[in-house]
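Engineer: The sequence shown stops at residue 442 when you use the working numbering, and every number in between is there.
If you are wondering where the hints come from, they were derived from the structure by calculation, not from laboratory data. Please read these numbers as outputs of a predicted model, since none were measured by experiment. Glycine included, each C-beta is placed from N, C-alpha and C at the ideal position. Among the clues, some could well be false.
[Claimed, not checked] With a cut-off of at most 20 Å between alpha-carbon atoms, the simulated EDC-like pairs for lysine to aspartate or glutamate come out as follows: (1) 207 with 295; (2) 305 with 347; (3) 234 with 222; (4) 234 with 191; (5) 305 with 289; (6) 298 with 346; (7) 266 with 324; (8) 378 with 230; (9) 73 with 138; (10) 329 with 277; (11) 67 with 138; (12) 298 with 352; (13) 254 with 304; (14) 254 with 381; (15) 248 with 107; (16) 77 with 107; (17) 234 with 274; (18) 67 with 116; (19) 298 with 347; (20) 254 with 353; (21) 298 with 343; (22) 141 with 107; (23) 305 with 346; (24) 192 with 222; (25) 290 with 274; (26) 254 with 191; (27) 141 with 191.
[Unchecked claim] Estimated spans, in silico, between C-beta atoms of each pair: (28) 119 with 230: 33 to 41 Å; (29) 348 with 247: 15 to 23 Å; (30) 400 with 329: 34 to 42 Å; (31) 143 with 380: 18 to 26 Å.
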Amino acid sequence: ESKHFKITIMRSFSLLQEAIIPYIATLITQLTQKLLAVSKNPSKPHFNHYMFEAICLSIRITCKANPAAVVNFEEALFLAFTEILQNDVQEFIPYVFQVMSLLLETHKNDIPSSYMALFPHLLQPVLWERTGNIPALVRLLQAFLERGSNTIASAAADKIPGLLGVFQKLIASKANDHQGFYLLNSIIEHMPPESVDQYRKQIFILLFQRLQNSKTTKFIKSFLVFINLYCIKYGALALQEIFDGIQPKMFGMVLEKIIIPEIQKVSGNVEKKICAVGITKLLTECPPMMDTEYTKLWTPLLQSLIGLFELPEDDTIPDEEHFIDIEDTPGYQTAFSQLAFAGKKEHDPVGQMVNNPKIHLAQSLHKLSTACPGRVPSMVSTSLNAERDTALNCVSLIGYARMVSQEIM
(Lines of atoms letter the chains of each structure in order from A; the text may use other names.)
(Lines give C-alpha, C1' and ligand atoms only; values in the text may rest on other atoms or scores of the structure.)
Protein backbone atom coordinates (compact mmCIF):
# COMPACT_ATOMS: atom_id res chain seq x y z
CA GLU A 34 0.00 0.00 0.00
CA SER A 35 2.78 2.44 0.85
CA LYS A 36 4.54 1.81 -2.47
CA HIS A 37 1.27 2.27 -4.38
CA PHE A 38 0.57 5.49 -2.39
CA LYS A 39 4.04 6.81 -3.16
CA ILE A 40 3.74 6.18 -6.90
CA THR A 41 0.20 7.45 -7.43
CA ILE A 42 0.15 10.47 -5.11
CA MET A 43 3.71 11.77 -4.94
CA ARG A 44 4.55 11.33 -8.62
CA SER A 45 1.19 12.73 -9.71
CA PHE A 46 1.54 15.76 -7.44
CA SER A 47 5.11 16.46 -8.59
CA LEU A 48 4.40 16.14 -12.30
CA LEU A 49 1.03 17.86 -12.47
CA GLN A 50 1.90 20.79 -10.16
CA GLU A 51 -0.55 23.69 -10.87
CA ALA A 52 -2.86 21.43 -12.86
CA ILE A 53 -4.08 19.75 -9.67
CA ILE A 54 -4.91 22.98 -7.82
CA PRO A 55 -8.69 22.67 -8.48
CA TYR A 56 -8.62 19.24 -6.81
CA ILE A 57 -6.39 20.06 -3.84
CA ALA A 58 -9.31 20.72 -1.46
CA THR A 59 -10.71 17.24 -2.10
CA LEU A 60 -7.28 15.63 -1.88
CA ILE A 61 -6.45 17.34 1.40
CA THR A 62 -9.77 16.27 2.91
CA GLN A 63 -9.01 12.67 1.98
CA LEU A 64 -5.39 12.93 3.16
CA THR A 65 -6.54 14.37 6.50
CA GLN A 66 -9.02 11.53 6.98
CA LYS A 67 -6.29 9.01 6.13
CA LEU A 68 -3.93 10.80 8.52
CA LEU A 69 -6.36 10.49 11.42
CA ALA A 70 -7.02 6.85 10.61
CA VAL A 71 -3.38 5.73 10.44
CA SER A 72 -2.43 7.80 13.51
CA LYS A 73 -4.34 5.20 15.53
CA ASN A 74 -1.78 2.59 14.44
CA PRO A 75 1.20 4.17 12.61
CA SER A 76 2.85 0.88 11.67
CA LYS A 77 3.95 1.67 8.09
CA PRO A 78 6.76 4.25 8.23
CA HIS A 79 7.19 4.64 4.45
CA PHE A 80 3.48 5.13 3.90
CA ASN A 81 3.38 7.68 6.74
CA HIS A 82 6.35 9.59 5.37
CA TYR A 83 4.94 9.94 1.85
CA MET A 84 1.54 10.90 3.20
CA PHE A 85 3.13 13.91 4.92
CA GLU A 86 5.21 14.62 1.80
CA ALA A 87 1.97 14.76 -0.22
CA ILE A 88 0.50 17.22 2.28
CA CYS A 89 3.60 19.44 2.05
CA LEU A 90 3.63 19.33 -1.74
CA SER A 91 -0.06 20.27 -1.81
CA ILE A 92 0.70 23.29 0.39
CA ARG A 93 3.66 24.36 -1.76
CA ILE A 94 1.83 24.05 -5.09
CA THR A 95 -1.32 25.82 -3.91
CA CYS A 96 0.26 28.59 -1.86
CA LYS A 97 2.75 29.40 -4.60
CA ALA A 98 -0.22 30.29 -6.80
CA ASN A 99 -2.36 31.72 -3.98
CA PRO A 100 -0.57 32.48 -0.66
CA ALA A 101 -3.89 33.27 1.05
CA ALA A 102 -4.88 29.61 0.66
CA VAL A 103 -2.65 28.77 3.63
CA VAL A 104 -5.67 29.50 5.85
CA ASN A 105 -7.66 26.72 4.15
CA PHE A 106 -4.90 24.21 4.83
CA GLU A 107 -4.73 25.28 8.47
CA GLU A 108 -8.49 24.81 8.84
CA ALA A 109 -8.29 21.35 7.28
CA LEU A 110 -5.19 20.12 9.14
CA PHE A 111 -5.14 21.71 12.60
CA LEU A 112 -7.84 19.51 14.11
CA ALA A 113 -5.94 16.40 13.02
CA PHE A 114 -2.65 17.87 14.26
CA THR A 115 -4.21 18.73 17.62
CA GLU A 116 -5.42 15.15 18.02
CA ILE A 117 -1.99 13.77 17.13
CA LEU A 118 -0.26 16.06 19.64
CA GLN A 119 -2.79 15.38 22.40
CA ASN A 120 -2.55 11.61 21.87
CA ASP A 121 1.26 11.88 21.76
CA VAL A 122 1.66 9.92 18.52
CA GLN A 123 5.45 9.99 18.68
CA GLU A 124 6.00 8.74 15.12
CA PHE A 125 3.96 11.64 13.69
CA ILE A 126 4.94 14.56 15.93
CA PRO A 127 8.18 15.51 14.06
CA TYR A 128 6.22 15.47 10.80
CA VAL A 129 3.46 17.66 12.25
CA PHE A 130 6.02 20.25 13.39
CA GLN A 131 7.61 20.33 9.91
CA VAL A 132 4.24 20.88 8.20
CA MET A 133 3.36 23.59 10.72
CA SER A 134 6.69 25.30 10.01
CA LEU A 135 5.94 25.26 6.30
CA LEU A 136 2.48 26.75 6.92
CA LEU A 137 3.75 29.43 9.30
CA GLU A 138 6.58 30.44 6.95
CA THR A 139 3.97 30.94 4.20
CA HIS A 140 2.34 33.75 6.23
CA LYS A 141 3.69 37.16 5.28
CA ASN A 142 2.20 39.31 8.04
CA ASP A 143 1.76 38.90 11.79
CA ILE A 144 1.61 35.47 13.33
CA PRO A 145 -1.97 34.11 13.62
CA SER A 146 -3.41 33.70 17.12
CA SER A 147 -3.87 29.96 16.58
CA TYR A 148 -0.10 29.58 16.45
CA MET A 149 0.52 31.83 19.45
CA ALA A 150 -1.78 29.60 21.52
CA LEU A 151 0.55 26.71 20.72
CA PHE A 152 3.80 28.60 21.42
CA PRO A 153 4.06 27.99 25.21
CA HIS A 154 3.48 24.25 24.72
CA LEU A 155 6.46 24.02 22.35
CA LEU A 156 8.77 24.99 25.22
CA GLN A 157 7.73 22.10 27.47
CA PRO A 158 10.81 20.04 28.44
CA VAL A 159 9.13 16.69 27.69
CA LEU A 160 9.00 17.50 23.95
CA TRP A 161 12.75 18.21 23.93
CA GLU A 162 13.65 14.92 25.62
CA ARG A 163 13.02 13.09 22.34
CA THR A 164 15.93 13.61 19.96
CA GLY A 165 13.69 12.94 16.93
CA ASN A 166 11.67 16.06 17.77
CA ILE A 167 14.59 18.47 18.07
CA PRO A 168 15.31 19.50 14.43
CA ALA A 169 11.60 19.98 13.66
CA LEU A 170 10.94 21.86 16.92
CA VAL A 171 13.89 24.20 16.36
CA ARG A 172 12.69 24.87 12.81
CA LEU A 173 9.20 25.66 14.13
CA LEU A 174 10.51 28.01 16.84
CA GLN A 175 12.63 29.73 14.18
CA ALA A 176 9.47 30.25 12.13
CA PHE A 177 7.78 31.77 15.21
CA LEU A 178 10.73 34.14 15.65
CA GLU A 179 10.90 35.10 11.96
CA ARG A 180 7.18 35.79 11.65
CA GLY A 181 6.16 36.81 15.17
CA SER A 182 9.10 38.27 17.10
CA ASN A 183 7.24 41.49 17.92
CA THR A 184 4.19 39.53 19.06
CA ILE A 185 6.36 37.32 21.27
CA ALA A 186 8.10 40.39 22.75
CA SER A 187 4.81 42.15 23.51
CA ALA A 188 2.36 39.34 24.31
CA ALA A 189 4.60 36.47 25.41
CA ALA A 190 7.65 38.16 26.96
CA ASP A 191 7.31 35.85 29.97
CA LYS A 192 8.11 32.94 27.65
CA ILE A 193 11.51 34.32 26.58
CA PRO A 194 13.29 32.66 29.56
CA GLY A 195 11.72 29.36 28.44
CA LEU A 196 13.01 29.95 24.92
CA LEU A 197 16.50 30.57 26.30
CA GLY A 198 16.12 27.50 28.51
CA VAL A 199 15.70 25.41 25.35
CA PHE A 200 18.86 27.02 23.93
CA GLN A 201 20.74 26.24 27.16
CA LYS A 202 19.68 22.58 27.04
CA LEU A 203 20.69 22.19 23.40
CA ILE A 204 24.16 23.75 23.64
CA ALA A 205 24.99 21.47 26.56
CA SER A 206 24.80 18.53 24.13
CA LYS A 207 27.59 17.76 21.66
CA ALA A 208 25.01 16.14 19.39
CA ASN A 209 22.54 19.04 19.39
CA ASP A 210 24.60 22.18 20.10
CA HIS A 211 24.30 23.32 16.46
CA GLN A 212 20.51 23.28 16.85
CA GLY A 213 20.92 25.50 19.92
CA PHE A 214 22.87 27.97 17.82
CA TYR A 215 20.20 27.92 15.07
CA LEU A 216 17.69 28.97 17.73
CA LEU A 217 20.01 31.54 19.32
CA ASN A 218 20.85 33.11 15.95
CA SER A 219 17.13 33.52 15.20
CA ILE A 220 16.60 35.14 18.61
CA ILE A 221 19.46 37.61 18.00
CA GLU A 222 18.41 38.35 14.42
CA HIS A 223 14.67 38.79 14.90
CA MET A 224 13.79 39.68 18.49
CA PRO A 225 13.61 43.42 19.35
CA PRO A 226 16.92 44.24 21.10
CA GLU A 227 15.26 45.56 24.26
CA SER A 228 13.41 42.26 24.75
CA VAL A 229 16.67 40.30 25.15
CA ASP A 230 18.89 42.98 26.74
CA GLN A 231 18.68 41.52 30.22
CA TYR A 232 19.65 38.03 28.98
CA ARG A 233 22.58 38.85 26.68
CA LYS A 234 25.40 38.61 29.22
CA GLN A 235 24.12 35.30 30.58
CA ILE A 236 23.97 33.90 27.02
CA PHE A 237 27.67 34.64 26.53
CA ILE A 238 28.56 33.23 29.96
CA LEU A 239 26.79 29.95 29.07
CA LEU A 240 28.71 29.77 25.79
CA PHE A 241 32.05 30.37 27.51
CA GLN A 242 31.26 27.71 30.10
CA ARG A 243 30.64 25.21 27.30
CA LEU A 244 33.88 26.31 25.59
CA GLN A 245 35.84 25.68 28.79
CA ASN A 246 34.18 22.35 29.58
CA SER A 247 33.87 20.79 26.14
CA LYS A 248 35.38 22.59 23.17
CA THR A 249 34.71 20.86 19.83
CA THR A 250 35.28 21.93 16.23
CA LYS A 251 31.52 21.92 15.57
CA PHE A 252 30.89 24.16 18.56
CA ILE A 253 33.69 26.56 17.56
CA LYS A 254 32.29 26.91 14.03
CA SER A 255 28.81 27.68 15.36
CA PHE A 256 30.21 30.05 17.99
CA LEU A 257 32.13 32.01 15.33
CA VAL A 258 28.99 32.45 13.22
CA PHE A 259 27.01 33.55 16.28
CA ILE A 260 29.47 36.20 17.53
CA ASN A 261 29.78 37.67 14.05
CA LEU A 262 26.00 37.75 13.64
CA TYR A 263 25.82 39.47 17.04
CA CYS A 264 28.43 41.97 15.82
CA ILE A 265 26.36 42.70 12.70
CA LYS A 266 23.14 43.06 14.68
CA TYR A 267 24.36 45.09 17.67
CA GLY A 268 27.64 46.59 16.43
CA ALA A 269 31.35 45.86 16.84
CA LEU A 270 31.68 48.04 19.95
CA ALA A 271 28.78 46.22 21.62
CA LEU A 272 30.54 42.89 21.03
CA GLN A 273 33.81 44.18 22.50
CA GLU A 274 31.98 45.65 25.50
CA ILE A 275 30.03 42.50 26.31
CA PHE A 276 33.21 40.39 26.21
CA ASP A 277 35.17 42.80 28.40
CA GLY A 278 32.15 43.21 30.68
CA ILE A 279 32.38 39.50 31.52
CA GLN A 280 36.13 39.62 32.14
CA PRO A 281 38.69 42.38 31.44
CA LYS A 282 40.63 41.88 28.18
CA MET A 283 38.45 38.91 27.21
CA PHE A 284 37.79 40.50 23.80
CA GLY A 285 41.49 40.24 23.00
CA MET A 286 41.59 36.63 24.17
CA VAL A 287 38.65 35.71 21.93
CA LEU A 288 40.30 37.39 18.94
CA GLU A 289 43.69 35.78 19.61
CA LYS A 290 42.61 32.30 20.69
CA ILE A 291 39.41 31.72 18.70
CA ILE A 292 38.59 34.12 15.85
CA ILE A 293 42.02 34.54 14.26
CA PRO A 294 43.23 30.89 14.43
CA GLU A 295 39.87 29.16 13.88
CA ILE A 296 37.98 31.27 11.30
CA GLN A 297 39.32 29.08 8.47
CA LYS A 298 37.20 26.21 9.79
CA VAL A 299 33.87 27.94 9.10
CA SER A 300 31.94 26.17 6.32
CA GLY A 301 28.95 27.17 4.21
CA ASN A 302 28.62 30.21 1.95
CA VAL A 303 26.15 32.10 4.16
CA GLU A 304 28.11 31.26 7.32
CA LYS A 305 31.36 32.51 5.75
CA LYS A 306 29.61 35.67 4.57
CA ILE A 307 28.28 36.38 8.08
CA CYS A 308 31.79 35.94 9.49
CA ALA A 309 33.33 38.15 6.79
CA VAL A 310 30.89 41.00 7.41
CA GLY A 311 31.26 40.68 11.20
CA ILE A 312 35.06 40.71 11.09
CA THR A 313 34.99 43.67 8.69
CA LYS A 314 32.97 45.54 11.33
CA LEU A 315 35.53 44.63 14.00
CA LEU A 316 38.33 45.93 11.76
CA THR A 317 36.65 49.16 10.71
CA GLU A 318 33.95 50.09 13.24
CA CYS A 319 35.53 49.22 16.60
CA PRO A 320 37.58 52.14 18.03
CA PRO A 321 39.42 49.96 20.59
CA MET A 322 40.93 48.03 17.67
CA MET A 323 42.70 51.22 16.60
CA ASP A 324 43.96 52.80 19.81
CA THR A 325 44.29 50.29 22.68
CA GLU A 326 46.23 47.12 23.49
CA TYR A 327 43.96 45.40 20.96
CA THR A 328 45.60 47.30 18.07
CA LYS A 329 48.32 44.64 17.75
CA LEU A 330 45.58 42.20 16.72
CA TRP A 331 44.26 44.39 13.87
CA THR A 332 46.70 43.09 11.25
CA PRO A 333 46.42 39.38 12.20
CA LEU A 334 42.62 39.75 12.13
CA LEU A 335 42.75 41.25 8.64
CA GLN A 336 45.06 38.41 7.54
CA SER A 337 42.63 35.84 8.89
CA LEU A 338 39.78 37.48 6.95
CA ILE A 339 41.76 37.44 3.69
CA GLY A 340 42.48 33.78 4.43
CA LEU A 341 38.76 33.13 4.83
CA PHE A 342 38.23 34.62 1.36
CA GLU A 343 41.15 33.03 -0.43
CA LEU A 344 42.54 29.96 1.33
CA PRO A 345 40.99 26.45 1.29
CA GLU A 346 38.62 25.63 4.11
CA ASP A 347 40.25 23.90 7.09
CA ASP A 348 38.10 20.78 7.45
CA THR A 349 40.36 18.89 9.83
CA ILE A 350 38.69 17.35 12.88
CA PRO A 351 40.64 15.96 15.85
CA ASP A 352 40.46 12.17 16.17
CA GLU A 353 38.72 12.30 19.53
CA GLU A 354 35.82 14.26 18.00
CA HIS A 355 34.79 11.44 15.67
CA PHE A 356 32.91 9.82 18.54
CA ILE A 357 29.70 11.19 20.05
CA ASP A 358 29.47 10.94 23.82
CA ILE A 359 27.34 8.08 25.10
CA GLU A 360 25.14 10.47 27.08
CA ASP A 361 24.15 12.14 23.82
CA THR A 362 22.54 8.96 22.46
CA PRO A 363 20.17 7.72 25.19
CA GLY A 364 18.62 4.40 24.16
CA TYR A 365 16.23 3.93 21.24
CA GLN A 366 14.23 6.95 20.16
CA THR A 367 12.20 7.82 17.08
CA ALA A 368 14.63 9.15 14.50
CA PHE A 369 14.07 12.48 12.76
CA SER A 370 12.92 12.11 9.15
CA GLN A 371 13.30 15.22 7.02
CA LEU A 372 10.40 15.90 4.66
CA ALA A 373 11.83 16.87 1.26
CA PHE A 374 8.87 19.09 0.38
CA ALA A 375 8.97 20.83 3.76
CA GLY A 376 12.57 21.91 3.14
CA LYS A 377 13.53 25.38 4.31
CA LYS A 378 15.02 27.88 1.89
CA GLU A 379 18.52 28.98 2.94
CA HIS A 380 18.34 32.31 4.73
CA ASP A 381 21.00 35.03 4.37
CA PRO A 382 20.65 37.50 7.27
CA VAL A 383 23.03 39.99 5.61
CA GLY A 384 21.70 39.57 2.08
CA GLN A 385 20.06 42.98 1.87
CA MET A 386 23.00 44.71 3.54
CA VAL A 387 25.98 43.19 1.73
CA ASN A 388 26.12 41.50 -1.66
CA ASN A 389 29.85 40.89 -2.09
CA PRO A 390 31.79 40.70 1.22
CA LYS A 391 35.18 41.29 -0.49
CA ILE A 392 33.99 44.56 -2.00
CA HIS A 393 32.37 45.42 1.34
CA LEU A 394 35.74 44.93 3.07
CA ALA A 395 37.54 47.15 0.53
CA GLN A 396 34.89 49.87 0.85
CA SER A 397 35.01 49.71 4.64
CA LEU A 398 38.82 49.91 4.68
CA HIS A 399 38.63 52.90 2.37
CA LYS A 400 36.13 54.59 4.68
CA LEU A 401 38.39 53.91 7.65
CA SER A 402 41.48 55.16 5.80
CA THR A 403 39.64 58.41 5.07
CA ALA A 404 38.90 58.81 8.77
CA CYS A 405 42.52 57.91 9.71
CA PRO A 406 44.64 59.27 6.80
CA GLY A 407 47.79 57.28 6.01
CA ARG A 408 47.44 54.85 8.87
CA VAL A 409 45.41 52.04 7.33
CA PRO A 410 47.36 51.60 4.05
CA SER A 411 50.63 51.43 5.97
CA MET A 412 49.20 48.87 8.41
CA VAL A 413 47.92 46.76 5.52
CA SER A 414 51.03 46.97 3.33
CA THR A 415 53.41 46.03 6.15
CA SER A 416 51.30 43.12 7.34
CA LEU A 417 51.88 40.66 4.53
CA ASN A 418 52.61 37.24 5.93
CA ALA A 419 55.19 35.67 3.63
CA GLU A 420 53.96 32.21 4.46
CA ARG A 421 50.51 33.03 3.10
CA ASP A 422 51.63 35.19 0.16
CA THR A 423 51.57 32.42 -2.43
CA ALA A 424 48.15 31.18 -1.38
CA LEU A 425 46.39 34.53 -1.69
CA ASN A 426 45.95 34.25 -5.43
CA CYS A 427 43.03 36.47 -6.35
CA VAL A 428 43.09 39.17 -3.73
CA SER A 429 46.12 39.58 -1.47
CA LEU A 430 46.63 41.95 1.41
CA ILE A 431 48.64 44.15 -0.94
CA GLY A 432 45.76 44.06 -3.40
CA TYR A 433 43.43 45.34 -0.75
CA ALA A 434 45.98 47.99 0.18
CA ARG A 435 46.10 49.18 -3.42
CA MET A 436 42.31 49.30 -3.60
CA VAL A 437 42.30 51.45 -0.48
CA SER A 438 45.23 53.72 -1.31
CA GLN A 439 44.23 54.31 -4.94
CA GLU A 440 40.58 54.81 -4.00
CA ILE A 441 39.27 52.61 -6.80
CA MET A 442 36.20 51.35 -4.93
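Engineer: Just pull the numbers of the violated hints for me, sorted ascending.
Structural biologist: When the structure is compared with the hints, numbers 7, 8, 9, 11, 15, 16, 26, 27, 30 turn out to be violated.
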